[in-house]
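**Student:** What follows is each chain in one-letter form.
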Amino acid sequence: DAKTTQPTSMDCAEGRAANLPCNHSTISGNEYVYWYRQIHSQGPQYIIHGLKNNETNEMASLIITEDRKSSTLILPHATLRDTAVYYCIVRGLNAGNNRKLIWGLGTSLAVNP
Amino acid sequence: NAGVTQTPKFRILKIGQSMTLQCTQDMNHNYMYWYRQDPGMGLKLIYYSVGAGITDKGEVPNGYNVSRSTTEDFPLRLELAAPSQTSVYFCASRDATGSVYGYTFGSGTRLTVV
Numbered sequence: 001d002a003k004t005t006q007p008t009s010m011d012c013a014e015g016r017a018a019n020l021p022c023n024h025s026t027i028s029g030n031e032y033v034y035w036y037r038q039i040h041s042q043g044p045q046y047i048i049h050g051l052k053n054n055e056t057n058e059m060a061s062l063i064i065t066e067d068r069k070s071s072t073l074i075l076p077h078a079t080l081r082d083t084a085v086y087y088c089i090v091r092g093l094n095a096g097n098n099r100k101l102i103w104g105l106g107t108s109l110a111v112n113p
Numbered sequence: 114n115a116g117v118t119q120t121p122k123f124r125i126l127k128i129g130q131s132m133t134l135q136c137t138q139d140m141n142h143n144y145m146y147w148y149r150q151d152p153g154m155g156l157k158l159i160y161y162s163v164g165a166g167i168t169d170k171g172e173v174p175n176g177y178n179v180s181r182s183t184t185e186d187f188p189l190r191l192e193l194a195a196p197s198q199t200s201v202y203f204c205a206s207r208d209a210t211g212s213v214y215g216y217t218f219g220s221g222t223r224l225t226v227v
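Chains as they are written, first to last, in the numbering used here: chain U, 1 to 113; chain P, 114 to 227.
Because the hints were derived from the structure by calculation, they are not lab data. Careful, some of the hints might be misleading.
To be verified - Derived DSSO-like pairs (lysine-lysine); straight-line CA-CA distance at most 30 Å:
hint: 1; chain 1: P; residue 1: K170; chain 2: U; residue 2: K3
hint: 2; chain 1: U; residue 1: K52; chain 2: U; residue 2: K3
hint: 3; chain 1: U; residue 1: K69; chain 2: U; residue 2: K52
hint: 4; chain 1: U; residue 1: K69; chain 2: P; residue 2: K157
hint: 5; chain 1: P; residue 1: K127; chain 2: P; residue 2: K157
hint: 6; chain 1: P; residue 1: K157; chain 2: P; residue 2: K122
hint: 7; chain 1: P; residue 1: K127; chain 2: P; residue 2: K170
hint: 8; chain 1: P; residue 1: K170; chain 2: P; residue 2: K122
hint: 9; chain 1: U; residue 1: K69; chain 2: U; residue 2: K3
hint: 10; chain 1: P; residue 1: K157; chain 2: P; residue 2: K170
hint: 11; chain 1: P; residue 1: K157; chain 2: U; residue 2: K52
hint: 12; chain 1: U; residue 1: K3; chain 2: P; residue 2: K157
Claimed, not checked - Just so you have them, the derived chain U footprint on chain P, three or more residues with Cβ under 8 Å:
hint: 13; region: 152 to 163
hint: 14; region: 196 to 206
hint: 15; region: 215 to 226
Said to hold, decoys possible - Here are some of the chain P residues that sit facing chain U, going by a computed Cβ distance under 10 Å:
hint: 16; residue: V117
hint: 17; residue: T120
hint: 18; residue: Y148
Bear in mind that the values here come from a model prediction, so they are computed numbers and not experimental data. Cβ atoms here follow ideal geometry from the backbone N, Cα and C, with glycine treated the same way.
Modelling step: build the complete structure from the supplied sequences, incorporating the hints.
**Tutor:** So this is what it looks like as structure tokens:
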């Protein structure tokens, strides 16, 4: 599976959009991009995923570049409760991917009042 | 739905003691996983299972054992606890191969070995 690169930390003002980047330059054609977040040592929470089209759900939007080498998670109106570590993961759907999921250090997002 | 339930939430063990971390899910997921997370670090896969009766090692299996006798339960066993096993343990599950849906995680077990 492809590795990902994320900034270590970011700040965002409450009520503003938070844009979290992720680089996955070695992603292969059948690998999806997933985003999770982990709030203060709780279990990671699934946010959104995508293959090549932009995606939106009730939590966030995911923008994937045309070459699929990078993506951005957008929290449109960040609140204090969005303060968390955000992980960008790439994963294929084949059985062999069970062992290969690599969790990096993620981006620590601080939403400030 | 309860999702993924882990017990206990906290535990202190003495060196050499043994214990079982319990994990159960009610989503009929085939795949289940055990991860550990050390302070300030990402998740590391200990063991995983693709269905009842089938388990396999992840990247850090030493010192641990698992079993999967039912679809719902995936307990993690520590036989001889060591200080290096002080960590937060997360159990997760997901649907079968080919599913695009993400993982569902439990709330974790915080283990301290002294």
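**Student:** Now look at each hint and say whether the structure bears it out.
**Tutor:** To see whether the hints hold, each was checked on the structure:
1. K170(P) / K3(U): holds (21 Å)
2. K52(U) / K3(U): Cα-Cα ~17 Å, so holds.
3. K69(U) / K52(U): holds (10 Å)
4. K69(U) / K157(P): holds (24 Å)
5. K127(P) / K157(P): Between K127(P) and K157(P) the Cα gap is close to 23 Å, so the pair holds against 30 Å.
6. K157(P) / K122(P): holds (19 Å)
7. K127(P) / K170(P): holds (25 Å)
8. K170(P) / K122(P): holds (24 Å)
9. K69(U) / K3(U): holds (11 Å)
10. K157(P) / K170(P): holds (12 Å)
11. K157(P) / K52(U): holds (27 Å)
12. K3(U) / K157(P): With a Cα-Cα distance of about 14 Å, the restraint between K3(U) and K157(P) holds, given a limit of 30 Å.
13. 152 to 163: As far as the region 152 to 163 of chain P goes, the hint holds, because 8 residues have Cβ atoms under 8 Å from chain U.
14. 196 to 206: holds (count 3)
15. 215 to 226: With 8 residues in contact (Cβ-Cβ under 8 Å with chain U), the coverage given for the region 215 to 226 of chain P holds.
16. V117: holds (8 Å)
17. T120: violated (14 Å)
18. Y148: Cβ of Y148(P) sits 8 Å from chain U, so the hint holds.
In terms of the numbered hints stated before, the structure departs from hint 17 and from no other.
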